[in-house]
Every structure is written in C-alpha cells, then in structure tokens.
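Novice: Chains as they are written, first to last, in our numbering: chain A, 4 to 351; chain B, 4 to 351; chain C, 4 to 351.
Quick caveat, the hints were computed from the structure, so don't treat them as lab data. These numbers come from a predicted model, not from an experiment. Mixed in with the good hints there might be a few duds.
Intra- or inter-copy, both count: the list cannot distinguish identical chains.
[To be verified] Capping the alpha-carbon separation at 25 Å, the derived lysine to any residue pairs in SDA-like fashion look like this:
#	residue 1	residue 2
1	Lys269	Thr306
2	Lys200	Asn97
3	Lys299	Pro312
4	Lys200	His32
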Amino acid sequence: MEKRKAYTLGQIVRQLGGELIGDARIRIHQVAALESAQAGNISFLVQARYIAQLKNTAASAVIMGLESRDATALPRILCKNPHAYYAAVAGLLNPPAQERPGIHKSAVVDKSARVAKTAHVGPCAVIAKGARIGANCIVGAGCFVGKDSSIGADTRLYANVTIYQNCRLGDRCIVHAGVVIGADGFGIAKDGAIWKKIPQIGGVTIGDDVEVGANTTIDRGALDDTLIGNGVKLDNQIQIAHNVSIGDNTAIAACVGIAGSAKIGKNCALGGASMIYGHITIADNVSVSAGTLIMKSLEEPGTYTGVFPFSSHQRWLKNATHLRQLDELVKRVRVLESRSGKTGKEQP
Amino acid sequence: MEKRKAYTLGQIVRQLGGELIGDARIRIHQVAALESAQAGNISFLVQARYIAQLKNTAASAVIMGLESRDATALPRILCKNPHAYYAAVAGLLNPPAQERPGIHKSAVVDKSARVAKTAHVGPCAVIAKGARIGANCIVGAGCFVGKDSSIGADTRLYANVTIYQNCRLGDRCIVHAGVVIGADGFGIAKDGAIWKKIPQIGGVTIGDDVEVGANTTIDRGALDDTLIGNGVKLDNQIQIAHNVSIGDNTAIAACVGIAGSAKIGKNCALGGASMIYGHITIADNVSVSAGTLIMKSLEEPGTYTGVFPFSSHQRWLKNATHLRQLDELVKRVRVLESRSGKTGKEQP
Amino acid sequence: MEKRKAYTLGQIVRQLGGELIGDARIRIHQVAALESAQAGNISFLVQARYIAQLKNTAASAVIMGLESRDATALPRILCKNPHAYYAAVAGLLNPPAQERPGIHKSAVVDKSARVAKTAHVGPCAVIAKGARIGANCIVGAGCFVGKDSSIGADTRLYANVTIYQNCRLGDRCIVHAGVVIGADGFGIAKDGAIWKKIPQIGGVTIGDDVEVGANTTIDRGALDDTLIGNGVKLDNQIQIAHNVSIGDNTAIAACVGIAGSAKIGKNCALGGASMIYGHITIADNVSVSAGTLIMKSLEEPGTYTGVFPFSSHQRWLKNATHLRQLDELVKRVRVLESRSGKTGKEQP
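Input sequences plus hints: build the corresponding full structure.
Specialist: Laid out in structure tokens, this is it:
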C-alpha cells in the first residue's frame, strides 16, 4: 500500500471553506462512518437520527451542519451542506488513481487518430481512424473508441468500454467498464412478414461532468443525436434508446430503461428500474419512484409512483384475483348505490 | 468526412420500385425528418398527423403512401409501405462501414480456426480452436469467438462481443458490443444447504438476419440448444435464458427477460422490460406491453398488459393501501349485497 | 470432436453413491432428458408427472428417487436427491474445459503481479500491479484484473470480465463474460444544482464457490466492502449496488436489482427481475417472486409477491382505470355501509 496523503483540519477548511472548531493541526488520513471511524478519520453527521453515534465515535473530527454546532465537543467543521462537504473531503483524500501518460505498446491507435500527449491509452485499447482523445484522458485496457469519435479532456474510460463511431464525450466524464455508447438504436420497419433495418445515422453527444455506470448502454440517434446533458449521473445497467434527450444534472438509478425519443428534463431523479415510454416529455424536477412505468408525459414537477405493493404470496393471490375483477366490482357497487337511492361520485 | 454517395430519384425507384412523381434527375444525399430536412434530403410521411409538416419541409423529395398522392406538390415517391421504403432508401444511402479483409496483427487466431479470406478480424480479437468465420464477416476489436463456434457469412460482430464455445450464428446477423452468447444457463440443483452446478452442455443456434442489441445475453442450453429464429430482432440488455426458443421475425424491445425453456412464437412483439416466465408457450402474433410480466402460456394472438398505472405519489399511497385490502373490500361488498337482498355476480 | 470419456454405472455409484439396480458394466457417455435420450445416455426422474416418459425412453439408465424403485425395469440408480445426483453425474461426464497453464504472449501482466504457475492467462488479458491470480485459475481472453485485486484458487473468469482494483474473489468461483466487479457505487451528493461525486473507497469481497452470470455488475463499497457470501449463485444481468451484503447460498435469478446497503440473508431465492430497495434487511430463507419490488425489510421467511396480474389489454385498461379510483371506490362502499346501518371492518 502506498502512503496516503494526509491533510490537517486547517488545510481542509482553507481549501473547502466551513468553520473549524478545534485544533487546526489535527491530521486527517481518511473519511469514515461515525460508527467505524478510527483516529485519523473524519466523519460526518447528515441526519439528526445519527446524533447518538456522535457520543461513541472514535473519529478525530466530524463534519456537521451549522445547526449542530453544540452537539459534540469533538473537533468539527461546521458548514451548510455536510453531505456535499463530506464528498469534497473524501475527494481530497482519495484522488482518482493516476495513470502514466502515453500509449501502451499493446494498444492499437490508428495513425490518423489524435491522442493528447498527456493522455493515457491502456493495454489492448483500440483507437480508430480520426478519433480524438483529449488532454489527461485515461482510456482503460481493452477499450474501443470508434471512427471520428472524440473524448474531452480529463475524461476517464475504465476497462472494456466500447464507443462507436461519431460520438462525442465532454470533459471530466467517467465511463465505467462494459459501457456501450453509440450502438444502433432499435430502428426497424415491418415489410410484409419481415423486419427491415433502418440505418441509425445520428450519433451520441454527451456533455461535461457526466458519469456513466457499468454496463449501461446509450444508443446512437436514428437521424439526429442522442443527447446527455452536463452533470448527468447514470448508474449501472441503464438503457437509453435512440434520440433520448436528458437534461442537465438529472440523476438516474440502476436498471432504468428510457425508450426512444423520450425527453427527460433537468434535475430529474429516476428511481431504480423505472421505465419511461418513448416519445414522451418529462418536465424538469420530476422524481419517478423505483419500479414505476411512466406511460405519458409529465408536465408538472413532483413525485410519481406506480408499483404493486408486495405482500405474502397467499395474500397477493387473493388480491390479484380481485384486481382482475375490479371492473366487475365497480359495477356491483353501482348496482348497490342505485338500489340505495343515491349514486356515489366517481372522479374522472 | 468522406464524400457521401448520392442517388438520383430515378436511380432510387429503379432499384427499389415505387412511382416517382417529379424530376428523376434530382440528387438525394441523405434521409431526414420532414422538419429538419434540407436540400438534397429525402423525407417520408408515414402518419397522416404529420401532413402539416409537408408544407414547410425543405426536403427535395418525400416518400409517401399511395393514398397521399396529392398531398404535396413536392417531388415524391409513392409506394405501399412508406416506412419500409424509407428504411430501404436509408440503407442505400448509408451502407454499413466496410472493413478491410484480413486478420489484424494484434488478433490471436488459433491455427485450427477457419477464417474466410474475405473476413475482417479486428485488433485484439481472439478466435479459438476450430471456430469458423464466414465470408465477408467483420469481427470487431476485442471480440472473443469460442471453440468450435461458427459465424455465418456477412455477419458483423461489433467490438467486445463474447461468443462461447459451440455456438452457431447464421448469415447477415448484426451483433452489437458487449453481447454475450453462450454463457452457462442458470442451472443449479439444491443439495442440502448448497447449490450444485448443472453443466450446461447445449449450445446456442441463431438463424439468419438476426440483430442482437448491445449488452444482451443469450445463454447456452442445458441439454439442447437455445434457439433464435430467422429475422429475430433483439434490442439492448435483453436476457434470454437457457433453452428459450424464439420464432422467426419476433421483435423484442430493450430490458426484456425471458426465463428458461420459454417458447416464444413467430411475429411476436415484446415491449420493453416485459418479463416472460420459464416453461411457458407464447403463441404466434402475440404482443406483450412494456413492463408486463407474463406468468402463463398465451394461446391466442392479441395484446396483453399488466402494469400498475402510475399517479402522483400521494394518490398512489392511498390506492396501494386499499389494494392490499382488496380481498376485504370484496367481502364488504358481498355483505352489502346480501343485506340488499340480491347478490352481484362475480365472473370467474 | 474429442472422444468423450465414458463411465460405467458401477464407476458412477462408487464415486457418487446411490443404489444401483442393473448391470454395473453399462457404459454412460452423456446425460439427456428422458424424451431425447439415446443409448449410452443416463436420464433422470425428478417429478412424478414425468413418469409416463419412462416407458418410451431410450436411455441406458435412469436416476430416480428411492420411492420410485419399481417404476421401471431399466437399469437405475436410486438416491435421495435425483436432481442433485444428476448434477453430479453431468459434472463427471462434462468437466469444465481446461486451459494450458501459462500466460499468453499477448497478455499484459504487470511485473509486480503474482500469477500462480498453474494458472492460465488468456490472450489480451491484462493483470495490473500487485494483483494475485491463484492456483489453477483461468483468466479468459480480454479480461482485466485491477491493482491489488486477488483471485482465489480454481476460479475461472470467462472472456472480457472486468475486475477493478482492491477486489477479492474466493476459490472455485465462476465469473461469466461481461461481468464488472468493483465499479464505483452510485454515490453522489447534491451541492446546489449539481451533483458531487463521493469517492467509493470500499472494495468487493466475494466468497468461495460463487457463480456470477454474464453482464452482471457488483459495485464496490462506499466505505466498507460489498459482500457476497459463499455459495451464492447469481444469474445474468443482475445489479448489486454498493455495500450490499448477500448471505451464503442465496440464489438470484436474472435481471434483479439490489439497491445500496441492502442486506440479503442466507438461503434466499430472488425471482427474475425482482427489485430490492436500499438500506433494508431480508431475513434468511425468504423467497421473492419474479417482478416483485420489495420496499421494506422482511423479517420472516416466506414467499412475497407484488405483481400486477396481466390480462388482455382491453380488460387491463378497464381495471387500471378503476385502480386509479380505488380510494374513491372504498369511500363509496363506506357510504353504502353507513346507509346500510353497519360498517364493514377494514383491516389495518
């Protein structure tokens, strides 16, 4: 193990702001949870319900909200947003692993490709004709970057990423292993009994500061590009179909599928395994709950849900049977209401 | 950018049929949507609701149905199936990128493998013992083709595809990046507390003209082969378990899962994220809606759906709570009916 | 084809136990289903409903439960658990393909990595600094094993597997193509409008005898490790988020997603495409049905289900509309009940 760089509390607040209460010379080596922290660790308190853990923590310091100023006698950094502050400290203490600039001798780089001198191209990576790799990029082992595609500065592709031709990634992106960007969208036309392929001639354009989780797929556009905005965060195994557009700073959890030409707004949050129909529009600031299928456009911000609530299998069997008869049940209630003389109101 | 080949309208109808109204010498460089088309583009009208866009389009020509003969004064090609015609024109104008025949010097091809002279094997691809690569095939960078597997003529594997041993792909298939064909099916037998692996000794047989989307997985059979018919179109991130059989020309959208030994008919359409139980049979010409779980065999063509309709989270909370009490609600209605003197009928 | 090794029935029972009725010299070349078996095959009877197939099978022998002793005159092996016995015989007759020990000349192995002499490292595989590959391991073509990660003895990575830095795999594991182990968990903190990345400094620890299906992803922990117990069996395209913990011998079918910090017990069975919320606990011996979303902890063993039952699309439309009005329907029933003089009881 390499020796990890340490920061004093004084250095941390000089670099990241916040109010320090306690000895500025205390050295911090790593972040840790309150419960498992040891000497040399800094921890954080983001929710009041963890306040009991403050008493017994062995952390050398704690990051806390301004309102928690007096909740402990430990050395502490007070700030507005402890979670974001914690992320920043964790980033300071755990900078991404660096790779030596240069092209590994087993990599295959077309002579017409332009690779920045400060970029790293790993073993067995392949860079096709006309592709451009920006400054300080890291292209992992076994990656493929297709013809005329470009990767912005400071972007990292982990191992075995595939980027097809004519795709554009911005700066400071992180693309995890197994991701496929720019495969053909699912464009087929019925011709009698058989399906005819519709060539997918658009590309993919990805903004800056985008993270793409392992084995996620982003298809190229049919005519125009598929678009991923700045600051979008995508978890693992997400499927983004052709001509989808995703607004800035939207975060999408794992296993989500977004069908063709759906337009997702900015600052949205899509829960795990939610599914979005094609050709619909989701407004900015919409949250979709995990496992929910959105079948039509959402014009208002808010949280939307549609999930069958689980129960024991026996109970589910009964309820599910009745659900198949729900239309009938409503009719029976109507009959009762008409006998009873007054009709209940059914909202549209 | 290379100079793209252009076709005159006259050349197009000579090659693809249809009735041309207008100047046969007009040169077409690319396809485009009505709204974004420019001079040199050909567009298409497939749905009457886009007819207003005809007025303002800058397209040099339009592909239209026979019934729309007089809907515009623009040069136009009339045909029975504008969508399929459009696919054909797009294919003409955008032929798949070619690769130079031959084996890249960084590829590793076993000396017992048979690679057609006209095939291309890309950088860092690996072809195992006894594998056969057909005429004009393209095996992308980083692909692996296992022992004794065979790839038919004119088939393309994009980068980083993995094909296990003893699998067979037909002619003119397209397999996108990250696809895994022939991994072991999920065959395990409980032996006391632990699971014992059941060797998966079948293979995978894939017909002609099949397209397989990025990161889709098709497992090998337990005893006999997993079977994918001719003309089947699979989108991204689909999971096909061992011994599934899929009939000709069935199209399956992204994120679908098909459990072991399910038998899917011909000309079916499975919507995104639909799930099919194992050991059931789906008839020809069945459509399954997105997000629907099919738990038993479907013997009749038609469209099948089972999705919890989404709503605002607050409204969902209320409805979901009642859904958990649906059996109770039905009993309450029965009590009311018996008091009311007559019993409503519940369908089986 | 190589000549497959055959075993006599006598050799099989000496090695695997069970009671042989019939000629011990009969030679068995392969396993097969009762229906498709040929001479030289051994078949098995695990369910009474297949007993009719016993009459017409061409199998040379059958594996059966003790209770079926007299169900056939064929040579047979009687045992307590025919399914597990079958798995064992299939394993005997179909040992995993071996690979020659040694490092392929196109592989790239850092000089500080420790690769056992009996291990095989395939073409274009990459082993990073400080990584350790155990005895008899097979590292497939195009795999990447990251810095300081370790792979136990007798473990096999199929082609194009990616293992990030600081991950640990046990002995006798099988990892299928396209799997990604140790990618960053989805850790982000909102900072005003933008998302800040939280470094993921934990690793992944995987026990012995674990199988991981194609294109499954297992993220590294945020602070501590993500944990996969001994004997866990994972199918394809499963997503396991950071800091999930999975107990020994749990089996998970394809397309399942498990959100961050969920704790799954031992001997659980998660059906295909089921989804588990983050930060919840699932007791030992729980079964979750296919397509079910589990939103809160399950403290009792049992089977849990929550799936909208499918129907024809027309019928679904009617029922789904009423489901959106279920709260209203309950109110209407309450009105009827109050008019009727007595109130039905609604369970909590």
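Novice: Next step is simple, just say for each hint if it's right about the structure.
Specialist: Hint check results:
1. For a Cα distance limit of 25 Å, the shortest separation of Lys269 from Thr306 inside one copy, 14 Å, qualifies, whereas the shortest one across copies, 34 Å, does not.
2. For a Cα distance limit of 25 Å, the shortest separation of Lys200 from Asn97 across copies, 11 Å, qualifies, whereas the shortest one inside one copy, 47 Å, does not.
3. Taking the shortest Cα distances, Lys299 and Pro312 sit within 25 Å of each other both inside one copy (22 Å) and across copies (10 Å).
4. Taking identical chains as interchangeable, the C-alpha atoms of Lys200 and His32 lie at most 25 Å apart only when they sit on different chains, with a minimum of 19 Å there against 56 Å within one chain.
Of the numbered hints given earlier, the model fails none.
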